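K.L.:
Listed in order, the protein sequences are those of chains A and B.
The opening position of the first sequence corresponds to residue 1 in our numbering, with each subsequent residue numbered one higher.
The opening position of the second sequence corresponds to residue 1 in our numbering, with each subsequent residue numbered one higher.
A portion of the hints provided could be inaccurate.
Below, a sample of chain B positions facing chain A; criterion: calculated Cβ distance under 8 angstroms [as the list claims (entries may be wrong)]:
#1 32
#2 40
#3 42
#4 43
#5 44
#6 46
#7 49
#8 93
#9 99
#10 101
#11 103
#12 105
#13 106
From chain A, some residues computed to sit far from chain B (all C-beta separations above 12 angstroms) [stated by the list, open to error]:
#14 16
#15 26
#16 71
#17 79
#18 111
#19 112
Derived pair list, reagent style EDC-like, types lysine to aspartate or glutamate, alpha-carbon separation capped at 20 angstroms [unchecked claim]:
#20 B:56 <-> B:69
#21 A:71 <-> A:30
#22 B:56 <-> A:100
#23 A:65 <-> A:79
#24 B:60 <-> A:100
#25 B:60 <-> B:76
#26 B:52 <-> A:100
#27 A:69 <-> A:53
#28 A:57 <-> A:30
I should point out that these hints are in silico values taken from the structure, not numbers from a laboratory.
As the structure is a prediction and not an experimental result, all values here were calculated from the model.
All residues carry an ideal CB built from backbone N, CA and C; glycine is no exception.
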Amino acid sequence: EAQVTQNPRYLITVTGKKLTVTCSQNMNHEYMSWYRQDPGLGLRQIYYSMNVEVTDKGDVPEGYKVSRKEKRNFPLILESPSPNQTSLYFCASRDQGSYEQYFGPGTRLTVT
Amino acid sequence: GNSVTQMEGPVTLSEEAFLTINCTYTATGYPSLFWYVQYPGEGLQLLLKATKADDKGSNKGFEATYRKETTSFHLEKGSVQVSDSAVYFCALVSLNTGNQFYFGTGTSLTVIP
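Given these sequences and hints, build the entire structure.
P.N.:
What follows is the structure, encoded as structure tokens:
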């Protein structure tokens, strides 16, 4: 089954404790992206990657890191999480020739 | 710059009512436009799309027409069902920013029997 998976689905952590949210897709898509969803703000793009070893900042990259060492994986790293990063995070992927994005199920992060 | 503005919710309708969710956009170049739907507890799914002016996207009884003159892409459905209850997002991607998507804030729809 074609899908985008994220782990963990739920995470509660404390300020300053480094964490990684994993994202994996099995569709051989070149393009992958991370979004955060906040009430009243919709989805905002954090980072995206057009292919292995190619990443670019979206609208809200501050406080986040990403890496793209393999085509299927695109982890989101929070080196020192802060409460304003409490949000619902979505990973998405698409084929380079198409604008249809496939979204993962989401990761709800709470930073206390 | 690029941006999407959609009507605020929440919207509550009775089953079989007519639905319109307004969406307008600002974009450089010639954007492609999308409606995504998010069911409770799930990620977003593409509902329909239009890639050039006057195109009509349609799926599952939903329709939206790409109106360049009014920079709009309003979502419509003639008769909503309880199963249509979800959050709907309008989005665009422009060739000038080909790898960055812009989403609206989402409109929550609840359909009551």
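K.L.:
Are the hints correct? Go through all of them and say.
P.N.:
Outcome of the hint check:
no.	hint	in the structure
1	32	holds (5 angstroms)
2	40	violated (11 angstroms)
3	42	holds (6 angstroms)
4	43	holds (3 angstroms)
5	44	holds (5 angstroms)
6	46	holds (5 angstroms)
7	49	holds (7 angstroms)
8	93	holds (6 angstroms)
9	99	holds (6 angstroms)
10	101	holds (6 angstroms)
11	103	holds (4 angstroms)
12	105	holds (4 angstroms)
13	106	holds (5 angstroms)
14	16	holds (29 angstroms)
15	26	holds (15 angstroms)
16	71	holds (16 angstroms)
17	79	holds (23 angstroms)
18	111	holds (21 angstroms)
19	112	holds (23 angstroms)
20	B:56 <-> B:69	holds (15 angstroms)
21	A:71 <-> A:30	holds (7 angstroms)
22	B:56 <-> A:100	holds (16 angstroms)
23	A:65 <-> A:79	holds (8 angstroms)
24	B:60 <-> A:100	holds (17 angstroms)
25	B:60 <-> B:76	holds (11 angstroms)
26	B:52 <-> A:100	holds (15 angstroms)
27	A:69 <-> A:53	holds (6 angstroms)
28	A:57 <-> A:30	holds (16 angstroms)
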